[in-house]
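In terms of this note's numbering, the sequence shown is residues 711 to 891.
Hints are computed from structural coordinates only; laboratory data are not their basis. It is possible that some hints are incorrect.
[As the list claims (entries may be wrong)] With a straight-line Cα cutoff of 35 Å, these simulated DSBU-like cross-link-like pairs (lysine-lysine) come out: (1) K823 <-> K887; (2) K879 <-> K758; (3) K849 <-> K887; (4) K734 <-> K758; (5) K858 <-> K713; (6) K729 <-> K858; (7) K871 <-> K787; (8) K729 <-> K823; (9) K837 <-> K823; (10) K787 <-> K774; (11) K787 <-> K849; (12) K887 <-> K729; (13) K849 <-> K837; (14) K798 <-> K758.
[Said to hold, decoys possible] Pairwise CB distance ranges, derived in the manner of DEER restraints: (15) R876 <-> Y804: 28 to 36 Å; (16) P801 <-> Q715: 29 to 37 Å; (17) A873 <-> T723: 29 to 37 Å; (18) T723 <-> D850: 19 to 27 Å; (19) G870 <-> D802: 36 to 44 Å; (20) R805 <-> R840: 27 to 35 Å; (21) R860 <-> N806: 30 to 38 Å; (22) P801 <-> H833: 18 to 26 Å; (23) F813 <-> D850: 22 to 30 Å; (24) D802 <-> N851: 16 to 24 Å; (25) R886 <-> T723: 35 to 43 Å; (26) R886 <-> G842: 19 to 27 Å; (27) D853 <-> D744: 25 to 33 Å.
Built from N, CA and C at the ideal position, the CB exists for glycine as well.
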Amino acid sequence: MEKIQGIEGTRITRIYSAKFYFFKYVTYNSTHPDFYYDMFPLIFTLGKVPKSKGGAEDEGGGGKLIRGLNFHYIPPKMRIPLLNDLRKISPDLYRNPVAFARFFRPLLWRLRKYRPARVCYRHYDIKHIRGGKVLRIHKDNWDSLLMKPRVEHFITSTFGKYASERVWKNSLREMRKSGTD
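Can you build the whole structure from these sequences, using the hints too?
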């Protein structure tokens with residue numbers, strides 16, 4: 711077991727679908743004035759982005775995009791209910807993670823009850839993961855980690871702090887806007 715920012719998990723070299731991962735992530739995007747991101751994302755992975763959809767690969771093995779739900783973008787009180795909704799989906803996320811991810815991705819955009827998942831859906835470029843450490847969180851620890859306070863660390867492209875409460879407020883606004891289905 712290893713730790714990043716006090717979060718304990720198993721250090722891994724491959725990322726699989728329907729599992730929680732925690733890592734340090736640093737990226738740059740100075741073109742958008744309201745740009746902010748989570749430097750320590752806790753993502754529930756939904757697979758890699760295929761090459762045909764922008765998941766380009768370079769010769770060094772970097773440049774691969776993974777997609778997932780960063781639960782830090784939604785308020786803590788909404789995290790466990792969203793995870794419980796995911797657990798109810800068949801195919802089962804524990805026994806059939808690849809089938810689960812393939813089945814869930816289209817549902818994410820069609821069903822109203824997954825609006826919280828829509829606002830926390832993100833792509834992560836593997837080459838922006840810092841320190842070479844990616845921790846897989848054991849499934850027995852998912853619920854407690856989702857409720858752990860102050861794990862998220864939102865920053866701007868110039869590395870200024872961005873308040874979690876402000877992110878959650880923006881996410882709630884986005885959920886209300888996307889409620890037209």
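- If you check the beta carbons of R860 and N806, does the distance land in 30 to 38 Å? Since R860 and N806 have Cβ atoms about 34 Å apart, the given range 30 to 38 Å holds.
Q.
Just to be careful, I want the Cα atoms of K823 and K887 compared with a cutoff of 35 Å; is the pair within it?
A. Measuring from Cα to Cα gives roughly 14 Å; hence the hint holds.
The hint says 27 to 35 Å between R805 and R840; measuring C-beta to C-beta, is that right? holds, 33 Å
| message | The hint says 25 to 33 Å between D853 and D744; measuring C-beta to C-beta, is that right? | response | holds, 32 Å
Between the alpha carbons of K849 and K887, is the straight-line distance 35 Å or under?
holds, 32 Å
Cβ distance range 29 to 37 Å for A873 and T723, holds or violated
Holds - the Cβ-Cβ distance for A873 and T723, about 34 Å, lies within 29 to 37 Å.
Within a Cα-Cα threshold of 35 Å, do K787 and K774 meet the stated pairing? Holds, at about 32 Å.
*Given the hint that K734 pairs with K758, does the C-alpha gap stay at or below 35 Å?*
holds, 18 Å
Are the Cα positions of K858 and K713 separated by 35 Å at most?
Status holds; Cα separation ~15 Å.
- Using the C-beta atoms of P801 and Q715, is the stated range 29 to 37 Å upheld? holds, 33 Å
Can you tell me whether the CB distance of D802 to N851 sits inside 16 to 24 Å? Holds - the Cβ-Cβ distance for D802 and N851, about 19 Å, lies within 16 to 24 Å.
Query raised in the report: Does the Cβ distance between R886 and T723 fall inside 35 to 43 Å?
Result: With Cβ atoms ~40 Å apart, the hint holds.
Of the numbered hints listed earlier, the single one contradicted by the structure is hint 26.
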